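Undergrad: Residue-level listing of the chains:
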Amino acid sequence: KQEVTQIPAALSVPEGENLVLNCSFTDSAIYNLQWFRQDPGKGLTSLLLIQSSQREQTSGRLNASLDKSSGRSTLYIAASQPGDSATYLCAVRWNRDDKIIFGKGTRLHILP
Amino acid sequence: DGGITQSPKYLFRKEGQNVTLSCEQNLNHDAMYWYRQDPGQGLRLIYYSQIVNDFQKGDIAEGYSVSREKKESFPLTVTSAQKNPTAFYLCASSIVGGQGSYGYTFGSGTRLTVV
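Chains A and B, in that order, are what the protein sequence lines are. Residue 64 is where the first sequence starts when you use this note's numbering, and the numbers rise one by one after that. Residue 5 is where the second sequence starts when you use this note's numbering, and the numbers rise one by one after that.
Worth flagging that the hints you see were computed from the coordinates, not collected in a lab. Hints may be right or wrong, so weigh each one.
[Unchecked claim] Lysine-lysine pairs mimicking DSS-like chemistry, simulated, CA-CA at most 30 Å apart:
#: 1; chain 1: B; residue 1: K61; chain 2: A; residue 2: K64
#: 2; chain 1: A; residue 1: K167; chain 2: B; residue 2: K13
#: 3; chain 1: B; residue 1: K87; chain 2: B; residue 2: K18
The structure presented is a predicted model; accordingly, all values stated were derived computationally and were not measured.
Chain A on its own, in the form it takes in the complex (with noise of 0.2 Å):
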């Protein structure tokens, strides 16, 4: 069964710190993953995309790493900063035409 999972939970860091974020799939044939952030009462806001083809893709202060044989996904934060809390999802398309499959999300605190 095909399935993504990412831990912790929730995430509490001081202000200004690196973070790294966690996203695990079962079956490394992958067509791409995608990661999102969610603030409370909102919908999903893509936050960056990668091909099976990449190893890591960025945006800002944001990176996104990919490694299909060890079946992982990282999403580093730079310089942390209270406006980064919220909830950050990770989902993974396994086939060009298929649905994709959603992590639960991490929930992040930055403490100001």
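For this one, chain A is given, so just place chain B on it according to the hints.
TA: Leaving out everything else, chain B in the frame of chain A:
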């Protein structure tokens, strides 16, 4: 700007009523999806459609119905058969086939409350 519009943002339903949630996209995406989100449970797929006039059940389709008469629109009806409809509903769209990044784009959600 292209995107997905969900309406209304908040919706209240009386017991025994059917209600319809709207989802419209101008991204020219072929596929559209409906998810339900409950606290602590993550996103669960209700229905999805990859082409006009065709749709498939997701993991929790019971008590819901959809239609896909136009590429841009994918309304979700929550019927009286859905016993616990209070939740946050999210609509998404994606490219299917052809060229593209195949990422998902989400709307801002509709919060449905049974009163």
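Undergrad: Now tell me if each hint is right for this structure.
TA: Structure-based check of all given hints:
1. Note on B/K61 and A/K64: the hinted pairing holds, with a Cα-Cα distance of about 18 Å set against a maximum of 30 Å.
2. For the hint linking A/K167 to B/K13, the alpha-carbon distance of about 23 Å falls within 30 Å, and the restraint holds.
3. Taking the CA atoms of B/K87 and B/K18, the gap is near 12 Å; set against the 30 Å cutoff, the hint holds.
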